[in-house]
Amino acid sequence: MSNRFIVWFNDYRPDDRPRVGGKNAGLGEMINADLPVPPGFAVTTEGFETIRNHPRTVEEVRELLATVDFGDPPGIRELSRKIRSLIEALPMAADVEESIRLAYTQLCGRCKQDDVPVAVRSSATAEDLPDASFAGQQDTFLWIRGADSVVQHVKRCWSSLFTDRAMSYRHEMGHDHEVVSMSVAVQQMVDPKSAGVAFTLDPATGDRSQVAIESSWGLGEAVVSGEVTPDNFLVDKVILEIHSRTISPKHTELVMRADGNGVEWHDVTAERQQAPSVSDAELLEITRMAKAAERYFGAPQDVEWAVDRHLPEGRNIVMLQSRPETVWSRKAPRQVSEPGSGFMDSIVSTLLSPVHTRGSVPADDGEA
Amino acid sequence: MANRFPSPFEAETPPGAEGWEDLYTYSLPFSEDRRDYEEATFWFQDSIHWAEPLTPWDATWYEYAIAALSQYNTRHYLIPPALGIDYRLLNGYAYLTPVPVLDGAEIEARVPQFMERAGFYFMNWGDLYDKWLVKMKDLIAEMEAISFSPLPEKEDMEVITEGHGTGSGLTIQEEYRGLLNLGLKLWHYHFEFLNLGYAAYLDYFGFCKQAFPNIPDLAIARMVAGVEVDLFRPDEELKKLAAIVVDNGLEDQLAGGLAALEGTPFMDHWNSVKHPWFNYSAGNGFYHSDKVWIEHPEIPLGFVAGYVERIKAGEDISRPIERIREERDRIVEEYTALLSSDEDREAFQGKLGLARVVFPYVENHNFYVEHWSHSVMFRKMKELGDVFVKEGFLASREDVFYMKRDEVNEALWDMYSAWAVGTSPRGPVYWPREVARRKGIVDALRQWTPSPALGEPPEVVTEPFTIMLWGITSESIGMWLGAGEDADGGLRGFAASPGVAEGPARVIMSADDIGQLEEGEILVAPITAPSWAPAFGTIGAAVTDIGGMMSHAAIVCREYGLPAVTGTAFGTRDIETGTMLRVDGSSGTVTVLD
Numbered sequence: 001m002s003n004r005f006i007v008w009f010n011d012y013r014p015d016d017r018p019r020v021g022g023k024n025a026g027l028g029e030m031i032n033a034d035l036p037v038p039p040g041f042a043v044t045t046e047g048f049e050t051i052r053n054h055p056r057t058v059e060e061v062r063e064l065l066a067t068v069d070f071g072d073p074p075g076i077r078e079l080s081r082k083i084r085s086l087i088e089a090l091p092m093a094a095d096v097e098e099s100i101r102l103a104y105t106q107l108c109g110r111c112k113q114d115d116v117p118v119a120v121r122s123s124a125t126a127e128d129l130p131d132a133s134f135a136g137q138q139d140t141f142l143w144i145r146g147a148d149s150v151v152q153h154v155k156r157c158w159s160s161l162f163t164d165r166a167m168s169y170r171h172e173m174g175h176d177h178e179v180v181s182m183s184v185a186v187q188q189m190v191d192p193k194s195a196g197v198a199f200t201l202d203p204a205t206g207d208r209s210q211v212a213i214e215s216s217w218g219l220g221e222a223v224v225s226g227e228v229t230p231d232n233f234l235v236d237k238v239i240l241e242i243h244s245r246t247i248s249p250k251h252t253e254l255v256m257r258a259d260g261n262g263v264e265w266h267d268v269t270a271e272r273q274q275a276p277s278v279s280d281a282e283l284l285e286i287t288r289m290a291k292a293a294e295r296y297f298g299a300p301q302d303v304e305w306a307v308d309r310h311l312p313e314g315r316n317i318v319m320l321q322s323r324p325e326t327v328w329s330r331k332a333p334r335q336v337s338e339p340g341s342g343f344m345d346s347i348v349s350t351l352l353s354p355v356h357t358r359g360s361v362p363a364d365d366g367e368a
Numbered sequence: 001m002a003n004r005f006p007s008p009f010e011a012e013t014p015p016g017a018e019g020w021e022d023l024y025t026y027s028l029p030f031s032e033d034r035r036d037y038e039e040a041t042f043w044f045q046d047s048i049h050w051a052e053p054l055t056p057w058d059a060t061w062y063e064y065a066i067a068a069l070s071q072y073n074t075r076h077y078l079i080p081p082a083l084g085i086d087y088r089l090l091n092g093y094a095y096l097t098p099v100p101v102l103d104g105a106e107i108e109a110r111v112p113q114f115m116e117r118a119g120f121y122f123m124n125w126g127d128l129y130d131k132w133l134v135k136m137k138d139l140i141a142e143m144e145a146i147s148f149s150p151l152p153e154k155e156d157m158e159v160i161t162e163g164h165g166t167g168s169g170l171t172i173q174e175e176y177r178g179l180l181n182l183g184l185k186l187w188h189y190h191f192e193f194l195n196l197g198y199a200a201y202l203d204y205f206g207f208c209k210q211a212f213p214n215i216p217d218l219a220i221a222r223m224v225a226g227v228e229v230d231l232f233r234p235d236e237e238l239k240k241l242a243a244i245v246v247d248n249g250l251e252d253q254l255a256g257g258l259a260a261l262e263g264t265p266f267m268d269h270w271n272s273v274k275h276p277w278f279n280y281s282a283g284n285g286f287y288h289s290d291k292v293w294i295e296h297p298e299i300p301l302g303f304v305a306g307y308v309e310r311i312k313a314g315e316d317i318s319r320p321i322e323r324i325r326e327e328r329d330r331i332v333e334e335y336t337a338l339l340s341s342d343e344d345r346e347a348f349q350g351k352l353g354l355a356r357v358v359f360p361y362v363e364n365h366n367f368y369v370e371h372w373s374h375s376v377m378f379r380k381m382k383e384l385g386d387v388f389v390k391e392g393f394l395a396s397r398e399d400v401f402y403m404k405r406d407e408v409n410e411a412l413w414d415m416y417s418a419w420a421v422g423t424s425p426r427g428p429v430y431w432p433r434e435v436a437r438r439k440g441i442v443d444a445l446r447q448w449t450p451s452p453a454l455g456e457p458p459e460v461v462t463e464p465f466t467i468m469l470w471g472i473t474s475e476s477i478g479m480w481l482g483a484g485e486d487a488d489g490g491l492r493g494f495a496a497s498p499g500v501a502e503g504p505a506r507v508i509m510s511a512d513d514i515g516q517l518e519e520g521e522i523l524v525a526p527i528t529a530p531s532w533a534p535a536f537g538t539i540g541a542a543v544t545d546i547g548g549m550m551s552h553a554a555i556v557c558r559e560y561g562l563p564a565v566t567g568t569a570f571g572t573r574d575i576e577t578g579t580m581l582r583v584d585g586s587s588g589t590v591t592v593l594d
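In order, the protein sequences belong to chains V and X. Here our numbering is used: position 19 in the first sequence is 19, and no number is missing along the way. Here our numbering is used: position 68 in the second sequence is 68, and no number is missing along the way.
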């Protein structure tokens, strides 16, 4: 059940956005759009505020901030360490903690698994700063199991509002540290065979008839962080044909640790490095989902997806995030027709500068 | 990798073919008289239409077709950057080269004239096409009315009493000249619309490529396809006949041929549709040796038997027109929604609309001209052959195709003159000897393997019809020079129809052999003419040596939902029957599987 401190993704309504943050709101909307998102819930900003408004936090954080020199990176790191230890050491308010434990138990029931592994992710939000970007400034914790650990990692997410990066960013942008709040996503962990991103246009040309997909082995962090050169595919959105594929050597992958808690980087065997990290059927399914997200949100999207290794092909793709594409969406749209010119003008100019393109013949790699 | 193809003057005459040049009009072979021009020019072999060496009379269609095509570019519509297609024979094989307009001022001067002339056709396409269908059928009726009969011992009494003042010798010569004129007129009609149809299609194609730089060619083609066109009618009729066999339990009679089916509902339907739909060539219609269904009923009956088996196996053999049409509408709707402005959507609808107006002609003309009219024309020529056989000029009716078209006039003169004088013609001694010699030459020419092209390739191919119809592009020339192989030893061609299929190869060089195809095999052919349609129910995919996105193979495969890779240049040379292949019609690759 959703309450003050908990909003289940599938209960999400648009007015929840301020208290669950952009990331959780996106997951809620994706579920509303019938996209396959792993189940989970948001711990609302009200939960975070019980800690931030704790008298000890208010007083000590203010004191610490007063002393810091933002031109001194080691100093900021030390400050961050102190504030974070302070927040993580404080007891969580009983009603917040109970709500989280109850929600986690219900999630285990929903997933039919005791101590279901979850991802615990930060979702920063600033009601008065709708354009502020907090992406990548806060922490994410993967393969978290058990209610105690979930509660602990929610606190670690809260404290990650005070990472040195986040504080420096707010300082540079002139934002007061109190205007930013924090919601946390607790979501069933996907065990990805492979994962990556999908753009609902070709980033190279802005061609909106294409979905560009990048993919690598293991968790999507490998692609998002730039740790590997991913496989790259171009799929025609309309006729669902894969007509460009580049397989890159993917030397490393982020996978669950052997003890089942957390993640670690593994080397990838030479053979798997050269193998495509997604099948054709999976590519087409990813394309369909990216199209659905684009249609639902009404603008080109940048989607994160994963292939669950425990589910059969056809039902194994999940979506983890969908945000508006920002580069081409800001440019003037591609206009092809020349206003005021008749069809004969167009036929003449086609004959005079014919279609030198034979687009479907793939260019040789290297020599022509 | 070589950067040029052999010169036409480097080609050796195959042993036994010496003097081949004399089998054709004197202007057809490459010659010292025009060597400078011919050597400086890039020529490609047109194996879509003329993959085999031509016999002397069959060269008629080659000359009529290319001259008529050229005439419409050059003299009727004044296509601004393009004159005609120049054409030659080398060792009996057809080589073409597009002739551009190079002078910028001349191109500019042609523009307003083109707009006025072509514009008129586009604005009145529907009415003009209706007229075309009428005059085309009239022309065929005129051809059918032509008849050749042996010269009589004496003229009928009516010739005297009605005061004709002329005799049978004049008539037979007039009939032949009339037939030739109808043939040339036929090829005028053929190109009355075609070049403009391609121009409109290219404009639509170019718009799609600009709006969506990565859009596959086949997506562009699929947006205009799926309409019911006459080109598919013959195959549709075979399917109906198969249903009649199953419904009436006529399987045993079917095995016995048309005679055994006499008096059954099968024959009722057969007789009601055989004209015109079975005036259908099992080849591409350009060779006298191509078998026409109506004269070789065993060919269509074989296909009917194949369909009967599939119906009895519970298969739905109808072409899924509704599904193709729905899918086409979905594709159009989605691409339209992806355009960035209402102006673009309007322009796109206009161009797509025009492409759809012109496309039925682009698809259908082939049935009316190459299949129906050519079938009639060859039939009439064989009747004339019978006359020559009766008069002892020829041993067999088909030997008439070893005469040049103008030599037929001379032979008729010889026959007439001797008949008039009451003496012996030279023909019965001259022609059997000459035909035997010529057959030896043509057989020797058949042993020669033509280079896909001659001379130095242009930096970039821009001539629109060359790209559209023959699929000749800078890339395909590069492929030929690189022997068509990609890095992994596979073959590359045009991604002509989407999908992937694996199966054993069946190399088929001639339409006569399509009966060898077995379920799921990959058809590997120099070309696939639309008359091969029944084969497409059997095969898993098609690979051709020559042809682009608009080649018949590409169109038919897209309609039938089969993967196809066209224009591989060396498919039939490099692939052996039985080899396991993977055909990727989306990327245009053919891979040999271990």
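Everything labelled a hint here was simulated from the structure, so no lab data went into it. Careful: at least some of the hints might be erroneous.
Simulated crosslink set (EDC-like; lysine to aspartate or glutamate; CA at most 16 Å straight-line) [as the list claims (entries may be wrong)]:
{"no.": "1", "chain 1": "V", "residue 1": "291", "chain 2": "V", "residue 2": "325"}
{"no.": "2", "chain 1": "V", "residue 1": "82", "chain 2": "V", "residue 2": "97"}
{"no.": "3", "chain 1": "X", "residue 1": "382", "chain 2": "X", "residue 2": "398"}
{"no.": "4", "chain 1": "V", "residue 1": "291", "chain 2": "X", "residue 2": "334"}
{"no.": "5", "chain 1": "V", "residue 1": "291", "chain 2": "X", "residue 2": "398"}
Remember, predicted model here, so these are calculated numbers, not experimental data.
Hint check results:
1. 291/V / 325/V: Holds, at about 13 Å.
2. 82/V / 97/V: Violated. Residue 82/V to residue 97/V sits at ~23 Å, over the 16 Å cutoff.
3. 382/X / 398/X: OK: residue 382/X and residue 398/X at ~6 Å, within 16 Å.
4. 291/V / 334/X: The given pair, whose Cα atoms are some 11 Å apart, holds under the 16 Å limit.
5. 291/V / 398/X: Given that 16 Å is the threshold and the Cα spacing comes to 61 Å, the pair is violated.
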